[in-house]
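**Student:** As a plain string of letters, each chain reads:
There are 2 protein chains.
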Amino acid sequence: MALVVQKYGGTSVGSIERIRNVAQRVAETFDQGNDVVVIVSAMSGETNRLVALANDVCEFPSEREYDVLVATGEQVTIALLAMCLESMGYKAKSYLGSQIPVITDSAHAKARIQSIPDTKIRADLAEKRIVVCAGFQGVDEFGDITTLGRGGSDTSAVAIAAALKADVCEIYTDVDGVYTTDPRVVPAARKLDKISYEEMLEMASLGAKVLQIRSVEFAKKYNVVIHVRTSFDNRQGTLVMKEDAEMETVLVSGIAFNKDEAKISVLGVPDQPGIAAQIFSPLTEANITVDMIIQNVSSDGKTDLTFTVPKTDCKKVLQLIEPLAQKIGARGVSSDTAISKVSIIGVGMHSHAGVAGQMFSTLSREGINIEMISTSEIKISCVVNEKYTELAVRVLHEAFGLDRAE
Amino acid sequence: MALVVQKYGGTSVGSIERIRNVAQRVAETFDQGNDVVVIVSAMSGETNRLVALANDVCEFPSEREYDVLVATGEQVTIALLAMCLESMGYKAKSYLGSQIPVITDSAHAKARIQSIPDTKIRADLAEKRIVVCAGFQGVDEFGDITTLGRGGSDTSAVAIAAALKADVCEIYTDVDGVYTTDPRVVPAARKLDKISYEEMLEMASLGAKVLQIRSVEFAKKYNVVIHVRTSFDNRQGTLVMKEDAEMETVLVSGIAFNKDEAKISVLGVPDQPGIAAQIFSPLTEANITVDMIIQNVSSDGKTDLTFTVPKTDCKKVLQLIEPLAQKIGARGVSSDTAISKVSIIGVGMHSHAGVAGQMFSTLSREGINIEMISTSEIKISCVVNEKYTELAVRVLHEAFGLDRAE
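Heads up: the sequence lines are chains A and B, in that order. The first sequence begins at 296 in the working numbering and counts up one residue at a time. The second sequence begins at 296 in the working numbering and counts up one residue at a time.
Everything labelled a hint here was simulated from the structure, so no lab data went into it. One or more hints might be untrue.
When chains are identical, the list treats them as one kind, so a pair holds in a single copy or across two.
[As the list claims (entries may be wrong)] Capping the alpha-carbon separation at 30 Å, the derived lysine-lysine pairs in DSBU-like fashion look like this:
1. K516 / K597
2. K405 / K415
3. K405 / K423
4. K489 / K611
5. K622 / K504
6. K405 / K386
7. K610 / K460
8. K405 / K682
9. K415 / K554
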């Protein structure tokens with residue numbers, strides 16, 4: 296007997312038939328003696344349909360009204376799921392974000408959750424009701440509808456689980472768990488039984504798109520155990536949880552990669568205090584996220600400054616940097632969009648030496664040149680030529696013993 | 296400079312193109328210096344789509360969840376219209392029923408409006424915002440979404456107009472006003488410039504489906520002037536308002552007809568006190584609306600009792616009445632579904648004699664037998680054989696001088 300929060304994504308509730316399947320699974324969980332709170336997304340395709348309507352009616356939809364519009368997507372799903380459960384003989388009740396309420400700031404289309412009173416849901420659970428909540432949406436202090444941005448339903452689920460101090464937050468998705476790396480690249484990739492919040496954050500931010508990053512941050516902050524699993528069968532998925540002793544014994548948990556960045560070098564920069572600040576301030580002002588930054592050792596008072604930015608921002612960055620480079624007397628600016636960042640991740644890393652060395656020698660054995668390196672407590676990232684991405688991921692996966700035993 | 300409430304039905308907002316047209320018309324009204332509050336229905340077809348989803352997911356949808364589901368229809372329209380107005384450079388703001396709030400009782404799918412605080416809308420109007428409200432929906436004391444039943448958007452509009460003490464409530468529909476009778480039956484039917492609440496109620500309840508009855512009752516109670524007109528051109532429509540001296544001079548304002556009733560006779564009923572009550576109590580308990588009731592003059596202590604009920608309830612009524620007729624010693628029960636009720640309506644009637652006589656002789660001249668008669672202050676209804684409906688309407692329309700001058 297536990298308090299279980301379950302979240303079903305758009306694919307899991309994508310048709311009437313699938314909504315019935317979800318109701319069946321929810322009912323089973325309830326019949327096992329659990330209290331159940333369900334969070335659902337819009338039926339797959341529905342949000343896109345609504346966004347298309349908005350774009351048809353005008354070029355730049357008001358953000359407040361955009362949220363009023365797209366919030367109908369989840370509203371349809373909660374009503375259908377709740378009436379389906381009721382028709383099966385269960386007591387069920389749907390809640391909009393504004394009814395729970397999920398209180399957010401007023402940043403429409405990308406609102407952040409501020410608080411979730413648990414009184415109403417607790418009262419329903421006490422009366423043995425199954426509670427069905429709309430994900431993705433909230434309400435601000437003025438009573439206006441807000442939404443959390445794409446993928447926000449994961450965050451809704453974890454936040455509601457945190458507010459209720461749920462025993463587990465099950466996130467049902469179209470993959471059956473978190474893998475050591477993308478199985479499309481490494482067929483021998485293994486599903487992980489568990490992974491720490493920190494590792495999951497690195498995996499997510501590096502391109503493994505299983506969970507929305509904010510939901511993992513939320514789970515870490517409030518210590519919510521997330522169970523990532525599929526709604527299409529009953530297998531256990533992956534637990535995302537606080538680091539434990541067992542995790543420590545594993546050197547590397549997963550390999551992530553990201554082809555979405557570009558590398559920019561400012562060459563022959565005068566090696567003086569304040570120069571880096573001069574280069575990066577305009578990027579900050581333009582709201583461009585700089586990821587890795589490397590400054591080579593200075594020779595003859597000149598140095599090369601290299602950094603990565605999202606590929607989509609590359610042109611804009613060059614426009615900002617090139618006149619600046621001239622002004623500060625740099626030799627020039629070069630850019631490369633054919634790069635890829637490959638990372639090994641593991642909480643065991645910080646208590647073991649030699650992991651970096653093993654990564655570098657593994658890549659070197661395959662003739663893969665490392666263009667940039669950055670490290671954190673639980674991660675080592677190397678920038679390599681984009682064409683080597685899959686090869687690098689494969690050899691690292693094998694070298695660190697992540698391949699599934701046959 | 297006035298406070299104008301405008302209501303646009305599903306057809307008027309049935310496509311993106313039409314929503315743009317509505318926005319244009321709203322903007323024109325605003326540009327003329329008026330404060331404007333707009334009430335909209337769901338885009339035509341949308342409510343049916345949602346109801347089909349509910350019926351797909353289960354046979355008997357929970358009423359609470361049904362309301363959560365169908366309320367999304369108007370939510371989509373208010374967002375689209377408000378964002379369209381904003382993109383045209385106007386300040387606009389959408390309101391759900393729960394945000395205004397339109398407070399109703401908890402009778403889901405057929406809720407009745409209890410009160411509408413005007414504070415929020417007034418504040419927006421003071422800041423020169425165009426306010427866009429979802430029709431058809433409200434919220435009960437528990438914060439649950441309710442809906443007013445099909446056609447409820449008319450009632451929303453009139454109720455909001457009453458709450459704001461608006462100068463006029465314009466109801467845009469797919470006909471351009473209220474006609475002396477159905478123009479499909481009488482091509483010479485004339486659009487009325489104005490009609491009293493009482494006449495409109497008789498017209499509506501007798502089958503002229505321009506306005507929802509409840510909206511007219513509401514308008515009468517709070518003295519709201521309704522302007523029924525079309526959104527497809529700029530012509531004046533029909534004002535529904537308090538009776539004035541001019542209306543008094545018109546004997547008959549319109550001819551209504553209704554083919555939806557059936558006639559039932561209980562024959563040879565012992566003429567004793569309490570018998571009628573015995574016959575009608577089971578119908579009341581079964582929630583069946585009895586319309587006309589006629590008891591013939593008694594002969595030899597026996598009488599015939601005839602009444603009309605909705606055609607759809609006819610079978611059920613016979614099942615209830617037949618055993619009862621035996622028990623009270625009646626001779627038998629007969630029924631006739633091939634009937635029609637034709638009515639002449641006019642506030643001028645109550646101060647003029649001879650109107651009934653003119654009606655009867657007009658019908659008689661055409662050989663139309665009158666099977667039942669009932670009268671009120673402003674209406675005379677005759678039940679005739681269904682096949683004479685159109686003929687009866689046509690000759691009465693001409694006899695009372697309602698035909699359009701060529």
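**Student:** Within a copy, between copies, both or neither: which one fits K405 and K415 at a CA-CA cutoff of 30 Å?
**Tutor:** both (25 Å within a copy, 25 Å between copies)
**Student:** Given identical chains, is K405 near K423, meaning Cα to Cα at most 30 Å, within a copy, between copies, both, or neither?
**Tutor:** between (34 Å within a copy, 28 Å between copies)
**Student:** Using 30 Å as the alpha carbon limit, work out where K610 and K460 are close: within a copy, between copies, both or neither.
**Tutor:** neither (46 Å within a copy, 57 Å between copies)
**Student:** Go through the copies and call it for K405 and K386: within, between, both or neither, with a Cα cutoff of 30 Å.
**Tutor:** between (33 Å within a copy, 22 Å between copies)
**Student:** One pair to classify: K489 and K611, alpha carbons no more than 30 Å apart. Within, between, both, or neither?
**Tutor:** neither (40 Å within a copy, 64 Å between copies)
**Student:** Give the relationship of K622 and K504 under a CA distance limit of 30 Å: within one copy only, between copies only, both, or neither.
**Tutor:** Neither. Shortest intra-copy (41 Å) and inter-copy (76 Å) distances fail the 30 Å Cα cut-off.
**Student:** Using 30 Å as the alpha carbon limit, work out where K516 and K597 are close: within a copy, between copies, both or neither.
**Tutor:** neither (44 Å within a copy, 86 Å between copies)
**Student:** Treating 30 Å as the Cα threshold, decide for K405 and K682: within, between, both or neither.
**Tutor:** Classified as neither; 35 Å inside a copy, 64 Å across copies.
**Student:** When Cα atoms must be at most 30 Å apart, do K415 and K554 count as within-copy, between-copy, both, or neither?
**Tutor:** Neither way: K415 and K554 sit 45 Å apart in one copy and 50 Å across, limit 30 Å.
Violated hints, listed in ascending order, are 1, 4, 5, 7, 8, 9; each of the other numbered hints is respected by the structure.
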